[in-house]
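J.: Put together the whole structure using the sequences plus the hints.
Protein chains: 2
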Amino acid sequence: MRAKKNNLIPWQVDSQEEFRKSVEKIANIIKGSESFVIAVHERPDPDAIGSALAISYGLSSLGKNALVLSVDGVPDTCEYLPGADKIVKGVGDSRFDVGIVCDAGNLGRIGGAAAAFENVKNIVIIDHHPGEVNGNDSRKAFLLVVPQAAATAEIVAYLLKDQMQVEITRDIARQLMAAIVGDTGALRFANVTSVTLETAAMLTSLGASPAEAASEIYENRSIANVKLLGAALTAISSDLGGKLVWSRITLQDFERCGGTDSDTDSIVNQLVAVKGAQVAVLFREIEKNKVRVSLRSKGSAEVNGIAAKFGGGGHAAAAGCTIEAPLPEAEMLLLSEVRAWMES
Amino acid sequence: MRAKKNNLIPWQVDSQEEFRKSVEKIANIIKGSESFVIAVHERPDPDAIGSALAISYGLSSLGKNALVLSVDGVPDTCEYLPGADKIVKGVGDSRFDVGIVCDAGNLGRIGGAAAAFENVKNIVIIDHHPGEVNGNDSRKAFLLVVPQAAATAEIVAYLLKDQMQVEITRDIARQLMAAIVGDTGALRFANVTSVTLETAAMLTSLGASPAEAASEIYENRSIANVKLLGAALTAISSDLGGKLVWSRITLQDFERCGGTDSDTDSIVNQLVAVKGAQVAVLFREIEKNKVRVSLRSKGSAEVNGIAAKFGGGGHAAAAGCTIEAPLPEAEMLLLSEVRAWMES
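Heads up: the protein sequence lines correspond to chains A and H, in order.
In case it helps, this note's numbering puts the first sequence at residues 1 to 344.
In case it helps, this note's numbering puts the second sequence at residues 1 to 344.
Simulated from the structure, these hints should not be mistaken for laboratory data.
Since we're looking at a predicted model, the values are computed, not measured.
It is possible that some hints are incorrect.
You can't tell identical chains apart in this list, so a pair holds if it fits in one copy or across any two.
[What the hints assert, rightly or not] With a cut-off of at most 16 Å between alpha-carbon atoms, the simulated EDC-like pairs for lysine to aspartate or glutamate come out as follows:
| no. | residue 1 | residue 2 |
| --- | --- | --- |
| 1 | Lys288 | Asp239 |
| 2 | Lys243 | Glu337 |
| 3 | Lys243 | Glu219 |
| 4 | Lys275 | Asp76 |
T.: Here it is as C-alpha cells:
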C-alpha cells in the first residue's frame, strides 16, 4: 500500500551512489554480452536454484544464451520449477562471455563449477550472504551483494525488473517466489523485511503463489522423516522451568523408521518452538559411540559458544557439534554445559 | 514494487461503486459517532482479536471511545498484543452509539455479546467470511464484507489507513499483523493474495514483524501438545501408494502425554504435509466408543462429502465428524469409505 518511485534503492545500503554504480555496471555488462553461465553453490537450496533460473529466463527474454550450472544438480524441492530440467551438472568445453555466481560470494563456494569460469571475460557475483565475498580470488569480479536482502531473489527481482526492465513472466515469478519462500521459512523468519514482502506481493500479482512454493518446499516430508520426527517429539524432555528442551533419536529409531540422519535436519526447529523454550537440543545417535548434536536458541541465548566447546560451531541461534561418546554420556556432558551456562 | 493510486479498491469486488458507497457510509457513521463497542465472535482467533484491537486503537486516535468485547476472553496466542489486557468479557449496562461486529457476519456469531448491541444506533459488520451475513437479523446493519480478503485485518487496514486517514502506529501495525498471520498460516495458505502481502509489507515498514506474530501464534505449543503430535506421527500409516495417510491418538496417549483433544487441533495438517499425500485422516479416541475424525485434502479431493456420510461436515479441503464406535471399527468404517471414493 506504499507507492514507490522508480530507481529508489529498496535496501539500506552503505552508499546509495556506490550501489547504483555497481548495478548499472552489471546491467551494462549483461547488455553487452551474449553468452552466460550462471553457477550456484554446492548443495543448492531453493534461493540458489530459483534465483539462477530467474536470471536465465530473464536473459533469454533479452535474446541471450544462458545456462544454469549446478554441480550437485537440483534438490527435490525445486524439481517443480520451470526450467529445472534444463539445469546442467557440467558444461564440458563450452565457453561463455560472462560467468555469474548466484547466491554465493566467491568462486570457492561453487565447487567444480569454477572450471567453467576460467575463460569468461567477466565475472558477476549476486549474493546476500554477509562476509562471503572472497578477496583472495585473483580475478576481478563485479559485485551485487546485499546482506540486507532476505534472499538473493530479492536482488535478482530488483536487477531484472527495476534496472533492466525485463518482463517478469509467471514462470520467472514462480522461480523467484520459490527462492524467497525457501530462504524465509515461507515468509516467517526474522530476516523478512517490507522489501521482501513487497517483492512477494509483486510476484503474486504476476501469477506466483507463496502457498505453492511453501507446499513444494516444506510439505514434502517422507514417511521416514515424519516417523523420526514422531520419535523425537515423543521423547521430548524439559528442564529449568521449560527454558531448556531436548530430545533424542536413537540407532533403534533410525532402524525402525527407515530414515537417515539427513531426514532429521529440521526437527530441532520443532523443539525450539515449544512454549517457553529458550534453548533446544537434539541428539542423534549416528553410531554406537558417535552422537550428532543440533542446538537452537530463541531470543538472546548464543548457542555457538556451547557447540564450540565440543569442537563444533555455527551461528548464535543455530549451531551443532559431534560428540564421540555413548548417547547417555553425550547427553549428560552437553546438557550440563548448557545448564551451567543458562544458570550463570 | 507496484505503485498504487489512492482510493483504488484493492479487491475484485462485484461492484466498485457499491463497495465505495458502503465504505464511505461506514466511514461517515464512525466519524459522526462518539462511543463504540467492538464485538468479536465466540472462541476468537488472532484475526478477530487483532482486527478489533486495531479498530479500537484507530478510533481512540480520532478521539472516540471504543471498547473491545469478547465473551470468551483473549486466547493465549494474542496475549502479547497491545491492548489485549483491556478487552472486556461483558459491558454491564453501558450504552454505545455504534456496535461493530468484527470478523463475523452476524450477531448470532458473537454469542452473549449481542446484548450490548440492543441499544446502539447503528450496527456495522466488518468481515471476510463468505455467506455468513445473516438476512434474518431484524435490525439493519451496514456491511463491509470482503470474501476475497484473506483476513478481516486486510479490510480494517484499508478502512483505517486508506479511507479514514488514521495513522497506523506501531501498535496498530502489530495488531493487524497478528490478525493476518493468524488467518494465513503465517502467509503460507492459498488465501494469500498480493493485497495480503502488500498490507503485510506496509505493516512491516511501520514496525510490525511477521516473525514476531508467527512466533507468538504458532510457536507456543505446550509439551503435552508436542508429545501428542509425536504419538500421532509415530503411528502414521499410508495406503494407495502414499496418497492416503492416516494416524491415531488413543485414550492411552492422552493419559500418557497429559493433554486434551484441544491440543490435537493442528496435527492433521502435519499428516497432509507428507510427500505424495492427497488425503489425510486423524482419529482421536475421545471416549471408549467415541472417535473424533479430522480429514484434510490437498489438491482436488473434497473431504466434506466423506464427513457428511458420518454426520459431520466442513469444507472441501478440511472436514470432520464423530463416530460412535470403538477406535479400530471407526478407522475401518471411515477408511473404507475414503478408499472406495479415492479409487472411484
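J.: Decide, hint by hint, whether the structure agrees.
T.: Each hint, compared with the structure:
1. Lys288 <-> Asp239: Classified as neither; 26 Å inside a copy, 34 Å across copies.
2. Lys243 <-> Glu337: So lysine 243 and glutamate 337 pass the 16 Å test inside one copy only (14 Å; across, 45 Å).
3. Lys243 <-> Glu219: between (29 Å within a copy, 14 Å between copies)
4. Lys275 <-> Asp76: For lysine 275 and aspartate 76, only the inter-copy Cα distance (11 Å) is at most 16 Å; the intra-copy one is 32 Å.
When each numbered hint is compared with the structure, a violation occurs for hint 1 only.
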